[in-house]
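Peer 1: Could you put together the complete structure from these sequences and hints?
Numbering (the working numbering), first residue to last: 96 to 368.
Worth flagging that the hints you see were computed from the coordinates, not collected in a lab.
Mixed in with the good hints there might be a few duds.
Simulated pairs of lysine-lysine, PhoX-like, Cα-Cα distance not exceeding 20 angstroms [stated by the list, open to error]:
(1) Lys252 <-> Lys206
(2) Lys195 <-> Lys180
(3) Lys245 <-> Lys202
(4) Lys247 <-> Lys217
(5) Lys179 <-> Lys104
(6) Lys218 <-> Lys137
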Amino acid sequence: RFKARLVAKGYEQRAGIDYGELFAPTTRSASLRALLAVAATKGMPIHQLDVSTAFLNGELEEELWMQQPPGYESADPTQACRLKKSIYGLKQAPRCWYVKLVAALDKLGFKPSQADPALFIKKDENGIVYLLVHVDDIITTSDDEELIRKVKDAVGKVFKIRDLGEAKVFLGMEISRGENGEVKLSQRRYIEELLQRHQLVDAKPRSTPLPPGSKVLPAEEGDMELKDSSDYRTLVGELNYLATSTRPDIAQALSVLARFMGKPSKSHMGLAL
96 RFKARLVAKG
106 YEQRAGIDYG
116 ELFAPTTRSA
126 SLRALLAVAA
136 TKGMPIHQLD
146 VSTAFLNGEL
156 EEELWMQQPP
166 GYESADPTQA
176 CRLKKSIYGL
186 KQAPRCWYVK
196 LVAALDKLGF
206 KPSQADPALF
216 IKKDENGIVY
226 LLVHVDDIIT
236 TSDDEELIRK
246 VKDAVGKVFK
256 IRDLGEAKVF
266 LGMEISRGEN
276 GEVKLSQRRY
286 IEELLQRHQL
296 VDAKPRSTPL
306 PPGSKVLPAE
316 EGDMELKDSS
326 DYRTLVGELN
336 YLATSTRPDI
346 AQALSVLARF
356 MGKPSKSHMG
366 LAL
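Peer 2: This is how it looks when you write it as C-alpha cells:
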C-alpha cells in the first residue's frame, strides 16, 4: 500500500504577503500530568482521539496560489491552483487548524484555560469535561463517561476523527491505569531507544543518578575536552526531556551536567552516560 500527500513549498512563502500570524499553542507535559492527576484523584475515565488530516480543515485568510501538482496538469499549462483551504507544508497551517478547532469547540461550549490555551474546559449542570489538545491528538476526561461519549460524537460531526478508546500514549508518554484507579506514566520505549542509540543496552544500572559525593568540576588539564561537544549537548537535551516528563529523580544530576554544555570533557560525558 502506497500513500501520497500534496504538500506546499512553505519555504518559498514570504512574510507579510503569503502569511501573517503563525503562533499555534501546543500543550505542555505539565498540563498533561496535572490533568491526569485530577482524573486519578476523582476516578475519572481518560479517553483519546485524533483528528485525521487535521491541517486540511483550516481556513486561509490569505490568497495563495501554487503550481499544479504532478499528475494533475490541466490542458492549459499556464493555469495555477488557488488554495481554498490550508494544506500541509504551509507555514500558517498549524495556526489555521488551531483557529478552526477553537471555533468548533467554542460552539460546543468549551473555553480555553487561562493556564494553557491547549486545554479546553466545559462545565455545566451535567458535569465537567476536559479536552487537552496537542496538534491533532486529543485527550479527554470527565466525571461522567457519558459526557465523553457525547463529546466524541459532537467533535466527530465536525471533523473526521479516530476514537482510540482509553488513553495509551500521549506526548511520547505511555499511560496506564492501576487496579485502584491510579495513573502511571512511563517512557520505557524512549529510554530503550536512548540506550540503543548510545550503545548502553548492556550497561550496568546505577542506584543513583550521580555517584554519592561526586564533585563535578570544569575540565582541567589532563581531562580531555570533547572534540565535538554536540553529542554531549544532544544527550543532555534527551535526558532533560525525560526529567521534565516522567523522571524528576534525575533532574538535580542533570542540572549539574548542564553547566558544562559549552565546554564538556570526556569525564562529563562519562557521567552523563
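Peer 1: Please work out if Lys218 and Lys137 have their alpha carbons no farther apart than 20 angstroms.
Peer 2: holds, 16 angstroms
Peer 1: Would the hint linking Lys195 and Lys180 be met if the CA-CA limit is 20 angstroms?
Peer 2: holds, 11 angstroms
Peer 1: Given the hinted pair Lys247 and Lys217, is their alpha-carbon gap at most 20 angstroms?
Peer 2: Status holds; Cα separation ~13 angstroms.
Peer 1: Below or equal to 20 angstroms on CA atoms is what counts here, so check Lys245 against Lys202.
Peer 2: holds, 14 angstroms
Peer 1: Sort out whether Lys104 lies within 20 angstroms of Lys179, counting only the CA atoms.
Peer 2: holds, 16 angstroms
Peer 1: For the pair supplied as a hint, Lys252 and Lys206, confirm whether the alpha-carbon distance does not exceed 20 angstroms.
Peer 2: Answer holds: Lys252 to Lys206 is near 19 angstroms, not above 20 angstroms.
Every hint from the earlier list agrees with this structure, and none is contradicted.
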